[in-house]
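J.: Chain by chain, the residues:
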Amino acid sequence: MGLLSLLRRLRKSGGEARILILGLDNAGKTTILRKLSDEDITTTTPTQGFNIKSILHNGFKLNVWDIGGQKTIRPYWRNYYENTEALIYVVDAADRKRVDEAGYELNEILGEDKLATVPLLVFANKSDLLQAQSADDIAESLSLFNIKDRPWQIQACSAKDGTGLEEGLRWVVKQVK
Amino acid sequence: MNTAYLKRCADEDRRAKIAAGFTIDGMNMRDASTGEMLWEMNSWPSDWHVAEIQARVPARILQCPVVSRELTFSSVEKVANLRCEHRVYLDGAPDPIEVWDFDFGFVMPGSRNTWQTTVEAAGGEKMLSPTEASGRVTVRTKFTDGDATIVESAVRVFYDND
Ligand SMILES: Nc1nc2c(ncn2[C@@H]2O[C@H](COP(=O)(O)OP(=O)(O)O)[C@@H](O)[C@H]2O)c(=O)[nH]1
Ligand SMILES: [Mg+2]
Chain W
1 MGLLSLLRRL RKSGGEARIL ILGLDNAGKT TILRKLSDED ITTTTPTQGF NIKSILHNGF
61 KLNVWDIGGQ KTIRPYWRNY YENTEALIYV VDAADRKRVD EAGYELNEIL GEDKLATVPL
121 LVFANKSDLL QAQSADDIAE SLSLFNIKDR PWQIQACSAK DGTGLEEGLR WVVKQVK
Chain U
1 MNTAYLKRCA DEDRRAKIAA GFTIDGMNMR DASTGEMLWE MNSWPSDWHV AEIQARVPAR
61 ILQCPVVSRE LTFSSVEKVA NLRCEHRVYL DGAPDPIEVW DFDFGFVMPG SRNTWQTTVE
121 AAGGEKMLSP TEASGRVTVR TKFTDGDATI VESAVRVFYD ND
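Heads up: the sequence lines are chains W and U, in that order.
Read in full-length UniProt numbering, the first sequence has 100 at position 100, and its numbers run on one by one without any break.
Read in full-length UniProt numbering, the second sequence has 96 at position 96, and its numbers run on one by one without any break.
FYI, nobody ran anything at the bench for these hints, they're computed from the structure.
As the structure is a prediction and not an experimental result, all values here were calculated from the model.
Possibly wrong hints are sitting among the right ones.
What the hints assert, rightly or not - The list that follows gives simulated cross-link-like pairs (lysine-lysine, BS3-like), each with its CA atoms no further than 30 Å apart:
(1) W:Lys174 to W:Lys148
(2) U:Lys78 to W:Lys71
(3) U:Lys78 to U:Lys17
(4) U:Lys7 to U:Lys78
(5) U:Lys142 to W:Lys61
(6) W:Lys114 to U:Lys78
(7) W:Lys114 to W:Lys174
(8) W:Lys148 to W:Lys12
(9) W:Lys148 to W:Lys71
(10) W:Lys97 to W:Lys148
(11) U:Lys7 to U:Lys142
(12) W:Lys71 to W:Lys160
(13) U:Lys78 to U:Lys142
(14) W:Lys61 to U:Lys78
(15) U:Lys142 to W:Lys12
(16) W:Lys97 to W:Lys71
(17) W:Lys61 to W:Lys114
(18) W:Lys71 to U:Lys17
Modelling step: build the complete structure from the supplied sequences, incorporating the hints.
T.: Following this line, the structure appears as structure tokens:
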């Protein structure tokens, strides 16, 4: 099960959609994207820019953008907001020290005009690790329950073993009109 | 003073600067249904701008229902509006058998980026047997900023029986 088979089930033809994956560095964005195409995930290096996957099926083009999350790169995020259909925000649920930072950045993103009303999926990643917080705890820390201006969803997942990815993605694809 | 002329000079200056700092770092092809790497090239000859690169790909790639191609590129300069034109030709015929354009838009200065395309449609080369197709397929990739060409590359594909 991957992005490709999900797209086949979408039965869309024509048009183009853009999904943006954001989150702090080391959250697991690139690993998620690789895993969704069944690719080897042992060799991710920190992303120094963007990774794009464009999948063309039935004349429908799905573009997924994974953008580096280091502090120096974050000011550039806004260059990629235009025409976004769905936002996936990845949080390292096992890194308690950085949950506040993750929440701060998410809050900044949600305040952007260009992303107003764009559906939000939060992946509480690294659920395979013992110290990982639950999706509910992460939702609480990120104040997701206060979001009123868009559909949102939180999903615990592990990019390492694939748990939860399909469920999350299915929700996202459903939001893509 | 001719302002149109000055603007042209500035544009050409900027384009040359972008081109000087723009490199293709690697390319690979995978079986998109399994993620298996079928071919990769992670160092490019220094004369890749001018010369055609030859890729030897396992023949079974022609049996893969869906193949994805990935390109890694770096840019020293920021690019305001990067665009890529991707064409696959058979026998150097004027009409490509596969066309794929993509708007990247903004490229961060000092960035390294990857672009993977998965096209779910049988390409024209799939009709051919490996021996028939070998050496007859070329993949041309052109990067532009607005309408100015930054770099262009050509890869000729050979299918090796494994
Ligand atoms: N245990 C575990 N490690 C993960 C998981 N997802 C990513 N990682 C690791 O976290 C590190 C950062 O991952 P990466 O995808 O590069 O993060 P990015 O900076 O958000 O793109 C890498 O060492 C990954 O192997 C996960 O679900 N579980
Ligand atoms: Mg990354």
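J.: If you test the structure against every hint from before, which numbers come out violated?
T.: Of the numbered hints, all hold.
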